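The listed protein sequences derive, respectively, from chains A, B, C and D.
Numbering (full-length UniProt numbering) for the first sequence: 1 to 417.
Numbering (full-length UniProt numbering) for the second sequence: 1 to 417.
Numbering (full-length UniProt numbering) for the third sequence: 1 to 368.
Numbering (full-length UniProt numbering) for the fourth sequence: 1 to 368.
Keep in mind the hints are simulated off the structure, nothing from the lab.
Any given hint could be a false lead.
[Claimed, not checked] In silico DSS-like pairs for lysine-lysine, Cα to Cα no more than 27 Å straight-line:
(1) A:K408 x C:K254
(2) B:K408 x A:K408
(3) A:K287 x B:K408
(4) B:K289 x B:K266
(5) A:K58 x D:K22
(6) B:K406 x A:K406
(7) D:K254 x D:K2
(8) B:K287 x A:K289
(9) A:K266 x A:K58
(10) A:K408 x A:K394
(11) C:K22 x C:K254
(12) B:K234 x B:K58
(13) B:K266 x B:K234
(14) C:K254 x B:K394
(15) A:K406 x D:K254
(16) C:K22 x B:K58
(17) A:K408 x B:K58
(18) B:K287 x A:K287
(19) A:K408 x A:K234
(20) A:K394 x A:K406
(21) A:K266 x A:K234
(22) B:K394 x B:K234
(23) B:K408 x D:K22
(24) A:K289 x B:K289
(25) B:K406 x D:K22
(26) B:K234 x C:K254
(27) A:K406 x B:K408
(28) A:K406 x C:K254
(29) D:K2 x A:K234
(30) D:K254 x A:K394
(31) C:K254 x B:K406
(32) B:K406 x B:K394
Because the structure is a prediction, the values reported are computed rather than measured.
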Amino acid sequence: MSTPAQPDADSVRAEARAWIQSNWDPDLSLVEWRRRLVDAGWATPSWPERWHGRDLPKWADDVVSEEIRAGGAVGLPLGTGTNLAAPTILAQGSDELRDRFLAPILTGEETWCQLFSEPGAGSDLAGLTTRAERDGDAWVINGQKVWNTSAHHADFGLLVARTDWDAPKHRGLTYFVIPMHQEGVEARPLRQMNNHASFNEVFMTDARIPHEYMVGQQGDGWRVALTTLAFERKFGSLARPQYGDAPGRALDEARAEAAAHFETYKWYPQRAGRVDLVVSRAQATGKDKDPVVRQEIARLLSMQKAAQWTADRARAARSLDRTPGPEGSIGKLANSDIARQASVVHGMISGADGMLTGADSPLDGVVAEVLISVPAQSIAGGTDQIQRNILSEKALGLPREPSFDKDKPFRDVPHNR
Amino acid sequence: MSTPAQPDADSVRAEARAWIQSNWDPDLSLVEWRRRLVDAGWATPSWPERWHGRDLPKWADDVVSEEIRAGGAVGLPLGTGTNLAAPTILAQGSDELRDRFLAPILTGEETWCQLFSEPGAGSDLAGLTTRAERDGDAWVINGQKVWNTSAHHADFGLLVARTDWDAPKHRGLTYFVIPMHQEGVEARPLRQMNNHASFNEVFMTDARIPHEYMVGQQGDGWRVALTTLAFERKFGSLARPQYGDAPGRALDEARAEAAAHFETYKWYPQRAGRVDLVVSRAQATGKDKDPVVRQEIARLLSMQKAAQWTADRARAARSLDRTPGPEGSIGKLANSDIARQASVVHGMISGADGMLTGADSPLDGVVAEVLISVPAQSIAGGTDQIQRNILSEKALGLPREPSFDKDKPFRDVPHNR
Amino acid sequence: MKFVFSEEQEELRQEVRRFLQKTSPLTEVRRLMETDEGYDPAIYRQMAQQLGLQSLAIPEEYGGAGYGWLELVVVFEEMGRGLLCAPYFSSIVLAASALLESGDDAAKRDLLPGIAAGTTRATLAHAEDNGQWDGSQIVLTAVQSDGDWQLTGHKSFVVDGATADVVLVIGRTAAGLALFAVSEGFSRTPLATMDQTRRLARLEFAATPARLIGTDGDGERILNGVRDLAAVALACEQVGGAQACLDMSVDYAKMRHQFGRPIGSFQAIKHLCADMLLEIESARSAAYAAGWAIADQDDDLPAIASLAKAYCSDAYFNAARNTIQIHGGLGFTWEHDAHLYFKRAKSSEFFFGDSSYHREQYLQRSGI
Amino acid sequence: MKFVFSEEQEELRQEVRRFLQKTSPLTEVRRLMETDEGYDPAIYRQMAQQLGLQSLAIPEEYGGAGYGWLELVVVFEEMGRGLLCAPYFSSIVLAASALLESGDDAAKRDLLPGIAAGTTRATLAHAEDNGQWDGSQIVLTAVQSDGDWQLTGHKSFVVDGATADVVLVIGRTAAGLALFAVSEGFSRTPLATMDQTRRLARLEFAATPARLIGTDGDGERILNGVRDLAAVALACEQVGGAQACLDMSVDYAKMRHQFGRPIGSFQAIKHLCADMLLEIESARSAAYAAGWAIADQDDDLPAIASLAKAYCSDAYFNAARNTIQIHGGLGFTWEHDAHLYFKRAKSSEFFFGDSSYHREQYLQRSGI
């Protein structure tokens, strides 16, 4: 294969801009517009031409996104389909799966969820016990998943299940696409201690998956799952698209789509501690005069500033194509500390009002929501304990703990179910 | 064997008092007096008659001690001989060892040290690598010990050495009495970061021990060592005998003995944080007006009060013959926290003066000594980490970590030397 | 002997624990959390009739059993462990203590027998919207005309204020502060509480007729006495709640496996639990010391009460948040019980003054 | 680009590190700790002659190399890592900065070239016995008679005060505070310091003739400017020292075996090291941000300098005490190097104001 001449960013940008100017039509339905975008290869310009792309380098995705934004147009749908399912299937799926699934993800016609974690397999994801058994041309699935955003309305799920109980834990797993709209699949919302229900539990009872919906090879599910998890880290940030208030059917639908998507995450700023509110709250209550409270505010703001600068350091290194040092990996743990300290400070500031919630309480319940959401910050996406393991091993090179379960047949390993 | 009638405390007390009144003579030399005390069986009334005791119940030791104190007389010598060597030899030694060693310990004519820890075996004492090899009627010792109080002037040492490298770690150890005054034994004082040198390193190079000086059986050294460690915990407190200033040769010698003994420990109050000085220091510097400092003082005093009350709870339970709950075992860990917090508070109070030491610094260097001694509080006698292991296993019943080295031949276990 | 509960007191502990396990397991607590009233009057009556809990520390001459505060230490520790929903703290610690402090014999004769029998639910209203627990900033005014007192103003953070039969109110008079009793003629607005197991209300008074309890001007002394007792009762509750958290964590850590091992065999979990144990046992020592200070009428009570409230608040909150952490995602769910303790811990941290307030008070009351 | 050191700056870091490893390993630091002078003049000369470190941030017109503060960030981080004993902080950050702030061209021409060449060792004396680092409580008085200034009073905690060729003194005049230079005519008493790698002295002045530097009354502004720079230099040193502690701990934890495993495979040690890493990297970010604030002449410098000093002080002390803990008994011995870092950490925590002081300053300087 000959290497085509590398296009430069300016010409890609110009070409994309011209195409958007000629083709963007806010009066289309959102799906109609995205079909047009996908068909032209501008939805995912770095993808292969055979699958909705233009074979451009990776940077082209960002350049074209900017142009779509600049042109007032709508880009890819938000969520698990775009962020996780599409890149995983593109990277690891068969051609049949790519043909079947990629386009409807990009147009938003089919939505997805992720079915990895289980009640008995959290920190130790590879210890999962959802069972997949071959039955002719299909697989029969039994088990329970948890922490599944959007599972109650998704069309398909990314599923990891155990197909071999005699293999060691990481080698007995297989990765599937599971159709969610079937009798054997039930998604139930899971209420959190802060009263939100952002996640579901998914119960699978003799649910069926066509054999062709296997992603990668049988027994190779852990490797495929790691691909998905790498994309998950990459798309971890939750920048909300800004569509302004221009009229048009596609824009209306995109605004509704974004609102629905972000509804799930509306308590996340509270989970992170709402440091932004601290100074104004202290001033409003007069607690900014209390030297003891001031110390804690200063600690909090210092931690947050330091974390921002640490992120800036990592970003600066990456922008020069240098690999960031440890500063690139401490953010998650820092955020737990910040959230905890923010909760302490909000408490000190609120005093007796901290006992209240909702409309009776400060800022219409926002502060109360901080107090009862912060505990999730140090759990979700990897507990502080797991983060410290990772940091000590990856960033400091300390030895792993000796393992007991890696080489044994999984059926001989003590596990929760 | 018939059980003799149990004597009551009042009659024991009366008999001891009468004996002391007739026999205590401050003009004797200390050794002469103690010989008299030992020969009469009043030095160790709970010991068997055959070895300097009176076969009385355990409580008799305390009762008679009280009478000795009340009579203005001198009791047993201080230190490793009395606290560790004597009870270990009485409990585990052969009759020959008891005959040879017990009396000179009780009279103070021979002094002792403990040779357990090694540079490579601290938290994991059973991983020690000092080597004992049989050579005819003797054992030849090679290795290094550390943290040995008084080793530079002791006559004998309690030694644990490895005699079998093919046995699992706990089963290849043997316990010996080693004569310290020999060519193959060298004790060097070990200077600490606070400039004191309370401990020694002891280097043994082809040092020799007569075979009869083995305590317990060959390979049974771990069990014997646990006996010693149990006595060590029991004698952990360092109450200093009060001899007043009455005249008399025995008293002069006892005062000198106590002064020499406690010289080693004179920085221990600083290691514990000198909480007693905090309020007066804060008042002297005016820092008692600073609300931020006040919070930390309050935290410190609260921790200390709580620890005292916890000790009171355990003592009250024991006084009623109840087994204390977890309150009986948290003291050591609490003391680490208290010392650390005391160091923080002393620092806040001292400000710039905290950079100084000795005569230029607050309280003639006492505060500076606190700052540079407190780090030992969370290490000596079992690190905080080991304490947390013990608490979580013993008090909470959490499972031990899986072990890798317990059942293997020691020579196959990775260790430091 | 100090720090040793008598066999009778230990037996009381077992009785209370059994009673709460039977009549008020956490499933029942969850049911009551969702009701308007917030507690089950039938259980409250049983507490009085079967166990006599309401009468324990009330003198016999006022219909009580004439025991002392050590009994209450035991009872509050168990109620904290069980997150009991009941107007017990309000009736017994706040109202009964205020009446006893007031020295108003007629009022005591009128009100204490009902409180002791569990038929009168009472509370004390002192804080106002600014959330100050001491009396210094009280605005609600009491004026006397023709010998009758009338209250005008508001009270907030009144525990069980929406359901109490009698509300004792600290109001400002020309002589300073004074204690009043009201039963009607004022409005009650339930407040939305983070901790649904303890209800608060805001009360509005507009020339509400009230009965003066004790001496006019004596309100600050009465309030200060009650605040110390309230701090100790809360500290005991907090110890009980913290212990429940630790027990829950340890049980889970023994049972839950990850990486082929119980998570309780990992030092990350073991050491967290050991630190919780240390803090809880220390807090327990402080709470018991405070209880004995009441029982022994120790002059140090105000200092020790503040010490205990600060220490136990911190220990409880740390235990509750670590319990969620040890349970991972499960611990953050509504269906798991950890959040019930977390919310109680967080709320009772603020109730009657937060830890930094009480640390400062501890020093001041110790003469430092 | 902010937060990216240039290749030249990275090369400077390597050069300084190699130089210190060669000329001032910790064995040499230990030797110098025991000497009267406390540093090796030959090494100080080499620093100037071979690396030009003293000249880095001094403008070319005064004999310097005209680089900026980012170079000093790098240099101080490495000096902190190596615990260098030398009058570099005093001469470069305190004295040279005070001269530059003073705007006194004659004084700059007289003194800066010698400082840049490493031949003049200078320092700043501002704190007095009460240990206040700002100018508010300065008592030492400067009076003018016949155009000549004389100083009377004392200064304390003067870094390298016993050996400096020139001492810049902040004194009180009728106009407020002013900066003076003295070289002789005063007594110097070395102070016994916990951290033997940085020397302090107490100076006594009795009608000591002095040269006014800059404008009378401008001393407070000059001092405030220098204090910000000093805080940043110390913060960078602290990051370097903390990193040395972490490196030492991690190396030991990989090598040391107990219970048949490297102790670095136990979560108790791993997690402690991870927390140290988090705190040190955060502190480094703060120190670098402060360095860039100087380089960019950012108005936020005073706030960021205080933030950095507080953050880096805490990070260093925690790193040093955890390093001792991880090394166990060995870490408490004189022969192990951990205590050298511990004592530097503890002392520099107090130097130029402790963490609670700087946290308060951070808020005030941020307008909060």
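Compare the distance between the alpha carbons of A:K287 and B:K408 with 27 Å, and conclude whether the hinted pair is satisfied.
Violated, at roughly 62 Å.
Do the alpha carbons of B:K408 and A:K408 lie within 27 Å of each other, as the hint requires?
Holds, at roughly 20 Å.
Pairwise hint evaluation, C:K254 against C:K22, where the allowed Cα distance is 27 Å at most
26 Å, holds
Run the distance test for A:K408 versus A:K234: straight-line Cα separation, threshold 27 Å.
33 Å, violated
Below or equal to 27 Å on CA atoms is what counts here, so check B:K289 against B:K266.
Answer violated: B:K289 to B:K266 is near 32 Å, above 27 Å.
Would the hint linking B:K394 and B:K234 be met if the CA-CA limit is 27 Å?
18 Å, holds
Is B:K234 within 27 Å of B:K58, Cα to Cα?
Within the cut-off at roughly 14 Å; holds.
Restraint status (C-alpha distance of A:K408 to B:K58 at most 27 Å)
Given pair A:K408, B:K58 is violated - Cα atoms ~54 Å apart, limit 27 Å.
B:K287 and A:K287: Cα distance at most 27 Å?
22 Å, holds
Hint check: A:K289 vs B:K289, CA-CA at most 27 Å. Holds or violated?
16 Å, holds
Within 27 Å, alpha carbon to alpha carbon, are A:K394 and A:K406?
19 Å, holds
Has the given pair, B:K408 with D:K22, been kept, meaning a C-alpha gap of at most 27 Å?
45 Å, violated
Checked against the numbered hints given earlier, this structure breaks hints 3, 4, 5, 7, 9, 16, 17, 19, 23, 25 and 26; the rest are met.
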